[in-house]
Amino acid sequence: MSDVVFETVALGYRYPDGRSALVDLTLRVRRGGRVALLGANGSGKTTLLLNLLGLLTPSSGEIRAFGEPLGRSAADLKRLRSRVGLVFQNPDSQLLSASVAEDVSFGPMNLGLDLDVVRTRVAEALASVGMAEHADIPAHALSFGQKKRVCIAGILAMRPEVLLLDEPTAGLDAAAVEELLGVLARLHADGMTIVLSTHDIDLAYAWADRAEVLHRGRLVGSCEAREFSTAFPMFMRHDLAHPRVAEIYNTALDAGLIAPGTPEPRTHAQLLDALAGASIDVKEAS
Amino acid sequence: MMLTERYAYGNRWRAVSVDAKAAFAALGMVAAFVAHPPVGSFAVAAALGTVTVLGAGVPARSYAKVATIPWAFLMVSAVTLAVSVRLGGGPLPVSLVVEPQQGAIAVAAVSRSLAALSATLFLALTTPMTDVISLARRLHVPTTLVEMMTICYRSLFVLSDAVNDMRQAQTARLGYSSWRNRIRSMGTAVALLAIESWRRSIVMHQASLARAGGDELRFLEPQRDGVPGQLAIASSFGVALVVAATLVPGILV
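Chains as they are written, first to last, in this note's numbering: chain A, 53 to 338; chain B, 8 to 260.
Treat the hints as calculated values from the structure; they're not laboratory data. Quantities reported herein were computed from a predicted structural model and do not represent experimental measurements. Glycine is no exception: its CB is placed at the ideal position from the N, C-alpha and C atoms. Treat the hints loosely; a few may be bogus.
Unchecked claim - Which stretches of chain B does chain A cover? Using the computed rule of at least three CB atoms under 8 Å from a CB of chain A, they are:
#1 110 to 122
#2 135 to 146
#3 151 to 161
For reference, chain A alone in the conformation it holds in the complex (with noise of 0.2 Å):
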């Protein structure tokens, strides 16, 4: 089996009118990684998403799935589709079902699988999002949060082996981001590649294991997540910010407030503990 599932050669889309979204965009994600499409609003990012699921066609250059060339028939999209999940950023543009286990059965049922596991399947990716009891709701009772995870559990029902997000925590409060990123922990524990589009530096931080940045169609950098703190000034280049975290870690480590050598923290947890370790360490000293 390939370890890489999807790599783009020199990727170039066109919008009908002629403008382009995407240009010579190279690159590659391995099997069960967590990477990080960073970029500011209109980067691409979507754009990207939908080519690599065959729901765009490249103006240019060329995109292999699990070491095969991405193919354009009926029968090879339909087998790219039950093995690649994509997650669109609005709930209302992917729920087609007002009922909320129909809709999670879409996906299953399209597989052609037996009625039964896909009545199992469609229990099972709601109570894995925590919407085991909204079954029988209607879409348009639910709130925005609630409509994003039943989204994912008509993703998870045709259990895919790689995950795309677009734009995931856009809209979301911080509870539901951290339930969010809990249930996408859970799927990478289980061997689950995850694509997430962000321009959320302070979530890619926390998350990723490695950051793809896209600026205007181009693919500005690549970074791997120990990397992270010297590609900071590429982020900034390129409309990003700083991830928060490290602002602070860096600020607190220069100011003699956290121990050098501390691992560096990734989310505000982390960082808490960091700070609050080196306090007591200060106590004891004093």
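Starting from the known structure of chain A, fit chain B onto it as the hints suggest.
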């Protein structure tokens, strides 16, 4: 949420199978057509209304509120059926007259429609649309129709949210502050909505393809327990209603 929606999901008979409720509504419709108008038809309308209010537990006030608009339509139709325009023959060159025969036809048509409306309201106020659509699917209603129902019903809420947002945004910028502004804002909103629905239809199609969707929208049917029993009970009440409807005379003497 719309009033019909609220009761469709929140009535006492929410858990009763759609088959049973649809059978009762269909037999109610039959009763509406076999009843002798106007008294028999009014009796059927009253019976169906009573079942909806007392049986399913839809508050009478809400029932009246939901029914007001179709009732108003019926009244307008009754007037147009009953009244005819006569040229000459009176003191004025043009006069409005009610011919006795036409009046009787109007009353019969309206009373019958009222009974049929009550049967429809029974179904609408006790059964969520998603259940009705899944029944249509099982009854082999042409796929295109069922899919249009599914998408239209879903889009109804998505687009009414969009309209609501647009209206609020326009109102906040005084879009409805004068007659002139009102017309202009409404025009803009209609144009925007057309573009918005087109844009959303493209994304919705992409989302369907992304989930390995093909030419047909396929969903899992809800599991149905205890359906034969409920269907038998509902059908016997429905048949009783049909029989009773034939026994009530059209005119009380």
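Against the structure, the hints:
no. : hint       : result
1   : 110 to 122 : violated (count 0)
2   : 135 to 146 : holds (count 4)
3   : 151 to 161 : holds (count 4)
In summary, the one numbered hint that this structure violates is 1.
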